[in-house]
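S.K.: What follows is the residue order along each chain.
Number of protein chains: 2
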Amino acid sequence: MEIYGLKLKEDVKPGFNLAKAIVQAAEDIGGLKDGDVVVVTSKVVSKAEGRLVDLSTVKPSPFALRLSKLLDKPPEVVELILNESSSIVRMGRGTIVVEDLRGIINANAGVDVSNAPPGHAALLPLDPDASAKRLREEISRLTGRNVAVVISDTQGRPLRRGQVDVAIGCSGINPLRDRRGERDLYGYVLKIKEIAIADEIASAAELVIGQADEATPIAVIRGVRFEEGEGAKQLIRPREEDLFR
Amino acid sequence: MEIYGLKLKEDVKPGFNLAKAIVQAAEDIGGLKDGDVVVVTSKVVSKAEGRLVDLSTVKPSPFALRLSKLLDKPPEVVELILNESSSIVRMGRGTIVVEDLRGIINANAGVDVSNAPPGHAALLPLDPDASAKRLREEISRLTGRNVAVVISDTQGRPLRRGQVDVAIGCSGINPLRDRRGERDLYGYVLKIKEIAIADEIASAAELVIGQADEATPIAVIRGVRFEEGEGAKQLIRPREEDLFR
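Protein chains in written order, with the working numbering: chain A, 139 to 383; chain B, 139 to 383.
I should point out that these hints are in silico values taken from the structure, not numbers from a laboratory. There may be inaccurate statements among the hints.
Any copy will do: because identical chains look the same in the list, a pair fits if it lies in one copy or spans two.
In silico DSSO-like links for lysine-lysine, alpha-carbon gap of 30 Å or less [stated by the list, open to error]: (1) K331 - K147; (2) K151 - K211; (3) K371 - K158; (4) K147 - K211; (5) K171 - K271; (6) K145 - K171; (7) K171 - K147; (8) K158 - K207; (9) K271 - K197; (10) K371 - K329; (11) K151 - K329; (12) K171 - K197; (13) K331 - K211; (14) K271 - K158; (15) K197 - K331; (16) K171 - K151; (17) K331 - K145; (18) K207 - K147; (19) K331 - K207; (20) K207 - K271; (21) K197 - K151.
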């Protein structure tokens with residue numbers, strides 16, 4: 139299995155044709171091939187989709203003003219976090235963990251000022267699965283190749299220190315690989331193994347993306363086996379199944 | 139970056155020389171090189187270290203007998219789980235999440251009957267960081283190469299569906315990569331980014347290990363940048379810092 143980082147030659151601005159830029163950048167690795175998984179950071183998708191907000195246009199609510207002290211964040215950023223959230227899961231220690239409008243549980247609803255132009259914050263793509271599907275279809279149109287697309291985001295985790303990249307959108311790949319029913323070395327039938335392959339792919343890509351400079355927001359993974367499927371939404375554990383909600 | 143799966147030619151039994159077997163298997167990829175990361179599943183380390191228990195020798199306590207009904211597991215397995223645990227973090231829905239003797243929070247304290255001989259359960263290595271260190275030193279002695287070793291285990295996660303492989307032991311690699319202080323594309327100084335690189339490496343390796351048959355318990359990752367360091371214990375979030383404990 140190989141993982142290649144792809145550099146973009148220019149800063150991504152709203153309306154930027156990301157599929158075309160990916161296809162061009164992939165020429166350095168001999169072009170995209172059938173079965174490749176293209177991993178794109180959510181930040182670059184957000185920027186291409188114009189999901190940037192000028193903080194000077196945001197009017198914080200009284201609640202956002204109070205929270206901004208607790209969280210040690212600018213009130214405009216807190217207002218955006220609340221705008222992107224459907225509920226608050228945990229709050230404390232300078233952190234706010236929310237269920238965001240997409241159903242994803244993350245810190246700060248994914249609102250991020252890093253790698254956004256000064257005075258701006260980037261919001262997550264409105265519908266990352268739909269963004270992945272559009273990218274995949276456009277890549278297919280440009281190249282005739284059948285690739286999978288994963289949109290990755292950096293997230294903290296309960297119980298473990300440090301952040302890892304996970305999949306918040308995907309197309310052309312089933313994000314879960316069900317191993318239940320497979321047999322082990324001794325013939326024992328596996329009962330509970332269901333692997334979050336799209337999250338593992340996002341994490342693997344981060345090893346290349348995160349270690350280069352920030353102008354390498356794309357990775358291509360070649361030689362990984364996966365089933366066709368759609369939608370990283372499947373990776374969100376329903377509240378009623380979650381012992382930690 | 140490349141990831142290679144390594145097959146073992148024989149079933150791993152107590153006393154098996156894992157370092158030697160890894161070095162021999164790596165001949166297929168031209169031998170180990172300086173800077174390679176060798177990822178080994180905890181199961182194969184456990185087996186080599188003789189961490190297998192014959193279930194017929196286990197006498198379940200009254201509490202284990204009662205829990206066995208709630209968890210739908212054999213009472214002997216429940217007894218082993220309790221023996222390996224220092225506290226119970228969550229219980230319900232056929233699942234028991236514990237803080238194990240190593241401080242790791244995991245389901246079933248890592249006690250697992252899959253890929254163990256019939257009638258046996260495998261326990262996690264007693265001290266996975268020490269196991270990683272021994273493997274690394276033995277590989278260095280055999281080859282003269284400076285590699286890092288990561289011991290991986292498959293874990294479920296709060297909030298997200300599906301399991302991923304994480305690092306429960308490591309040597310020769312700092313499991314956390316601190317990006318705080320680095321600057322982004324626009325010169326903004328990153329405030330909170332600390333990447334759990336060893337967990338990402340374990341997840342990346344699973345893409346190769348888990349997709350082959352179970353006789354491929356080792357992966358070599360070549361071309362990933364990391365800092366030297368020791369100890370996957372650093373990846374355990376202290377209870378007082380955890381909003382989800």
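S.K.: Work down the list of hints and note, for each, if the structure agrees.
M.R.: How the hints compare with the structure:
For a Cα distance limit of 30 Å, the shortest separation of K331 from K147 across copies, 25 Å, qualifies, whereas the shortest one inside one copy, 41 Å, does not. In this assembly of identical chains, the alpha carbons of K151 and K211 lie at most 30 Å apart only when taken from the same copy (25 Å versus 55 Å across copies). For a Cα distance limit of 30 Å, the shortest separation of K371 from K158 inside one copy, 26 Å, qualifies, whereas the shortest one across copies, 43 Å, does not. For the identical chains of this complex, K147 and K211 are neighbours neither inside a copy (32 Å) nor across copies (56 Å), given an alpha-carbon limit of 30 Å.
With identical chains, the CA atoms of K171 and K271 are at most 30 Å apart within one copy only, with a shortest distance of 17 Å there and 39 Å across copies. Taking the shortest Cα distances, K145 and K171 sit within 30 Å of each other both inside one copy (18 Å) and across copies (27 Å). For the homomeric pair K171 and K147, the shortest alpha-carbon distance inside one copy (22 Å) is at most 30 Å, but the shortest distance between copies (33 Å) is not. Neither within a single protomer nor between protomers do K158 and K207 lie at most 30 Å apart by alpha-carbon distance, with minima of 43 Å and 57 Å respectively.
Neither within a single protomer nor between protomers do K271 and K197 lie at most 30 Å apart by alpha-carbon distance, with minima of 34 Å and 54 Å respectively. Taking CA atoms no more than 30 Å apart as the test, K371 paired with K329 passes in both settings, with 23 Å inside one copy and 29 Å between copies. Proximity of K151 to K329 under the C-alpha cut-off of 30 Å is restricted to the inter-copy arrangement: shortest distance 24 Å between copies versus 47 Å within a copy. Taking the closest pair of Cα atoms, K171 and K197 never come within 30 Å of each other, the shortest separation being 47 Å inside a single copy and 56 Å across copies.
Taking identical chains as interchangeable, the C-alpha atoms of K331 and K211 lie at most 30 Å apart only when they sit on different chains, with a minimum of 16 Å there against 40 Å within one chain. Only within a single protomer do K271 and K158 lie at most 30 Å apart by alpha-carbon distance; the minimum there is 15 Å, versus 46 Å between protomers. With identical chains, the CA atoms of K197 and K331 are at most 30 Å apart between copies only, with a shortest distance of 28 Å across copies and 47 Å within one. Taking the shortest alpha-carbon separations for K171 and K151, only the intra-copy value of 27 Å comes in at or below 30 Å, while the best inter-copy value is 41 Å.
Taking identical chains as interchangeable, the C-alpha atoms of K331 and K145 lie at most 30 Å apart only when they sit on different chains, with a minimum of 21 Å there against 36 Å within one chain. For the identical chains of this complex, K207 and K147 are neighbours neither inside a copy (39 Å) nor across copies (60 Å), given an alpha-carbon limit of 30 Å. Within a single copy, K331 and K207 get their C-alpha atoms only as close as 43 Å, which misses the 30 Å cut-off; across copies the closest is 21 Å, which meets it. In the homo-oligomer, the alpha carbons of K207 and K271 never lie at most 30 Å apart, since the shortest distance is 39 Å inside one protomer and 45 Å across protomers.
Taking the shortest Cα distances, K197 and K151 sit within 30 Å of each other inside one copy (24 Å), while across copies they are farther apart (66 Å).
Comparing the model with each earlier hint shows violations of hints 4, 8, 9, 12, 18, 20; every other hint is respected.
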